[in-house]
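Full structure from sequences and hints, please.
Top line first, the protein sequences correspond to chains Z and U.
Each number in the numbering used here comes from the position in the first sequence (counting from 1) with 672 added on.
Each number in the numbering used here comes from the position in the second sequence (counting from 1) with 87 added on.
Just so you know, these hints were derived from the structure itself, not from any lab.
Be careful, since some hints might not be right.
[Claimed, not checked] DSS-like cross-link-like pairs, simulated, lysine-lysine; straight-line CA separation at most 27 angstroms: (1) K348/U with K818/Z; (2) K334/U with K1099/Z; (3) K1102/Z with K337/U; (4) K932/Z with K334/U; (5) K928/Z with K334/U; (6) K334/U with K1085/Z; (7) K1096/Z with K324/U.
These numbers come from a predicted model, not from an experiment.
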Amino acid sequence: MIEQAFVFFINLSGWQLLGYFWPFFMIDMVRYVLLEGVVLLQYLPQRKRKAALYAAARQQLFREKPLVSVIVPGKNEGRYIPKLVQTLRQQSYPFYELIVVDDGSDDATPQICRELERNGLIDCFIRNEIRGGKASAANTALQFAKGRYIVHIDADSYMERDALETILLPFLMDADVGCVGGDVRVANYEDSFAAQIQRIEYSKSIMVGRTVASHLGILRIVSGAYGAFRRDILEAIHGWDVGPGLDGDITLKIRKMGFKVVHEPASVCYTNVPTSYTKLAKQRYRWDKSMIRFRLRKHRDILWPSESFRSSNFITVADNLFFNLLLDIKWVIYFFQIIQLSSGYIAFLIILNYFFYVCANLVQWLFSAMMLRSLNQKPMYQSIMFIPLMPIYTGTYLRLIRTFAYVMELLHKRSYVDRWNPWKVSKIAKRNKL
Amino acid sequence: MMKQPLQLVFAQNNRSLLQATTTFESLDKVDWQQVSCLLLDATDISTAYAALVKLRQNSLPHCYLRPVVFVANTERHNGWQWHAADAVLVLQGEHLLDPALVPDNLETINRWIDNLPQQERGADGHLQVKVLRLLASRQTSAEPQATPSNYNGYVYPLLQPVFSLQDMGVMQTLGFLEQQNLLSATLFDRAHFCIHCDSAFLNFKETCVACGSHDLDVVELVHHFSCGFTADITRFKAGGDALICPKCDKHLRHIGVDYDKPSTVNKCRLCQHVSQDGNVVAKCFNCDCSTEARFLDVRRINSYKLTSVGLNAAFYGLKTYFTDILENELQLLSLREFELFANAEAARIARYGKSQSALAVVRFVGLDKIQMELGSKAKQIFTELADIFKSILRETDIITAYNESMFAILMPETSQNNAALALNRLQKAVEQLFSENFDRSLDIQQHALAVTSELQVRDALERFLNQ
Chain Z
673 MIEQAFVFFI NLSGWQLLGY FWPFFMIDMV RYVLLEGVVL LQYLPQRKRK
723 AALYAAARQQ LFREKPLVSV IVPGKNEGRY IPKLVQTLRQ QSYPFYELIV
773 VDDGSDDATP QICRELERNG LIDCFIRNEI RGGKASAANT ALQFAKGRYI
823 VHIDADSYME RDALETILLP FLMDADVGCV GGDVRVANYE DSFAAQIQRI
873 EYSKSIMVGR TVASHLGILR IVSGAYGAFR RDILEAIHGW DVGPGLDGDI
923 TLKIRKMGFK VVHEPASVCY TNVPTSYTKL AKQRYRWDKS MIRFRLRKHR
973 DILWPSESFR SSNFITVADN LFFNLLLDIK WVIYFFQIIQ LSSGYIAFLI
1023 ILNYFFYVCA NLVQWLFSAM MLRSLNQKPM YQSIMFIPLM PIYTGTYLRL
1073 IRTFAYVMEL LHKRSYVDRW NPWKVSKIAK RNKL
Chain U
88 MMKQPLQLVF AQNNRSLLQA TTTFESLDKV DWQQVSCLLL DATDISTAYA
138 ALVKLRQNSL PHCYLRPVVF VANTERHNGW QWHAADAVLV LQGEHLLDPA
188 LVPDNLETIN RWIDNLPQQE RGADGHLQVK VLRLLASRQT SAEPQATPSN
238 YNGYVYPLLQ PVFSLQDMGV MQTLGFLEQQ NLLSATLFDR AHFCIHCDSA
288 FLNFKETCVA CGSHDLDVVE LVHHFSCGFT ADITRFKAGG DALICPKCDK
338 HLRHIGVDYD KPSTVNKCRL CQHVSQDGNV VAKCFNCDCS TEARFLDVRR
388 INSYKLTSVG LNAAFYGLKT YFTDILENEL QLLSLREFEL FANAEAARIA
438 RYGKSQSALA VVRFVGLDKI QMELGSKAKQ IFTELADIFK SILRETDIIT
488 AYNESMFAIL MPETSQNNAA LALNRLQKAV EQLFSENFDR SLDIQQHALA
538 VTSELQVRDA LERFLNQ
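Structure follows, in structure tokens:
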């Protein structure tokens, strides 16, 4: 069958190839392979040329020694805090304060954090007896932060030794930078097969994808797991709005203020990802709903001409909506096309599509390896064996979740009943159409 | 039938009601069998209490166990001292006291005293035995009472007068008796005590964990559901009393509906440090020392009831005491008998003027604590101590116990210097005993004085005790 599919492929003309495999050759390959490849070819040498600028920024950083407030909002995540505290103590940039906000945990989080606070390992621990949601917890921390920069990090994450130092450099290199996204990688990839797959996904979409978007000036999200902000900007916008998806929301708000949003791949943070496909599905369902809620509803004004219109912001949201929401339909169209026009070759088309996407994933993996080498980090060689499974993961599993999330959010606004937020908050958010 | 109450005057105002001629110094001459109770003029409660202390610290069970009634001229009885007496009578009219008002149940105390075995009726300086007997004779338990007048914060009114400043505290004694299974304890309260001075008067205050300052602001946080903004409540009060969200300018109307208060935090005014877990420090009113709350001494304040063993001990005494052992080994005399011998010797010397005799006083500081620590094993040490006494003293020497740790020795035909030498030998022998056998020392206070016609043994012992 595979041999027949290969014969089928080599007998196709150029137009036939496009006709049969247009979703891959005209959309995905162009957007995620060619475009990213070209940008990376420009970015990587340019980054090397900027080494002197980075060095100057580093010198300035250690000369000025601005205080950094590391804020960690979370619920029932006390067991992860000691590891985070430990990696913070090993940071090459030691001028930070650690503020942990417990959002109504019902486990041992308060006891763990109080002990760490007593031992001087947490500078400020605040326990909110009543759960208010992630935004409320982050805003509580912001209220008491004294640093010039705010680093928001998830409790179940920890940092590379130079992470704090490197995430601050973009602020010093460009005064217009409002927030910087750190490179989030998978900490617990050895725990399960699902985590292994996510490790590859994170390297593709965060390390490569966000670096490229940042270079193009269209980065739309600074991950809630690890990102740095200027405190004056956060105070000007009064912190985070109600989520889920508050990280993408605040990034767009900062963009709308006219500040740049950049990704710093050299600043690495490791986070724990869901280890089962059920938990992963729930997480992605939440994330995908927020895309509709925030980009299509709350920040749709970015798409309309106005005084504050910026083309980069327009492209940021349009890129997201086009490739994620609109092109989600392309598979329905493609499916009907195959059934109607090419039903005799269905098997060949599936095999060849799978082959093309494996190749595309392989190329993307090579991009990530190139980036890691250029950042003097060790490429994830052993993850290459999971590449052949990526089309099933991204093309089927994640796509199904995404499609379901879009439908549920568009028709039923399910993000307002997500238990990620307390019910009292979701109810008000829905009533006020936030 | 009521016996005639003995009325004693210890207060200086000498009211006509209290006309008895018996004075405090002549208590030992009283025929206690005829005394139903002692009435103390409690016009001034502190004077009355001081008199009660003297009574309770007497060594004769007939005296210290005798029911004591405060006679008050007012219905208002503030202060724990009022509860130290067995009853309080209120004077009816200017000088009238109706004997029928004296409670009948005081007679049960007298019956208990009368039933004491004959050998137990002699002078008794044992604090522990006194405590047991006071409880047993009154068929009551030792109930603590909170009070601001005692730096411990609690007193046991009935037992407090038994103890002088020199003695081990009431709580320690009761604790010891509990350890010996003579008393059983029931939790009454838990209290924090200063580790420096044992005072219970502590000012607890939260201090900044960063700088130790107690100048803290308690800040209430407000969470506005609609926009997620969370901040200090003062930031929502820009509009006066109404709460207005500084982020979205909306009025916050109903707590729980559109906003809540998730927590409060302490903000240091000095260093601006924010924390919810303030360091709780206790500053002692007595010694002015500050101690972190977690280092304070937390003790159980118990009420104590006599056990059956304790009841037995109250009746028959404790046989492991040093004075008991000395009594067996050295024929310990009662204080009264000792005074008679001392007076006779003083008269003899005054008459013939040919010889001199000495009164030696020795006090073992903390002997009661040794007993507490060692329990029944203390008997071995006390036997050793008694042997030292035996080896130092001559057959003509006479010894008495003022209390369980203070002893007086009458040394006939002995100069003051020679008596001092004998006491030094005694001290060295005791020190050697403790240094060779125990990992601790025993403080000894000693004094020798010449026996003269002016000598008043009891006064001399009292002065020595209060030095």
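Hints, one by one, checked against the model:
Restraint check: the Cα-Cα separation between K348/U and K818/Z comes to about 22 angstroms, which is no more than 27 angstroms; the hinted pair holds. Proposed proximity of K334/U and K1099/Z is supported: the alpha carbons are some 19 angstroms apart, at most 27 angstroms. Between K1102/Z and K337/U, the direct Cα distance comes to roughly 16 angstroms. Compliance with the 27 angstroms bound is thereby established for this hinted pair. Using a Cα cut-off of 27 angstroms, the hinted pair K932/Z and K334/U holds, with the two alpha carbons roughly 23 angstroms apart.
At most 27 angstroms may separate the alpha-carbon atoms for a hinted pair to count; K928/Z and K334/U meet this at roughly 17 angstroms. Simply put, K334/U and K1085/Z have alpha-carbon atoms about 25 angstroms apart, close enough for the 27 angstroms limit, and the pair holds. Distance hint between K1096/Z and K324/U is fulfilled; the C-alpha atoms sit about 23 angstroms from each other, no more than 27 angstroms.
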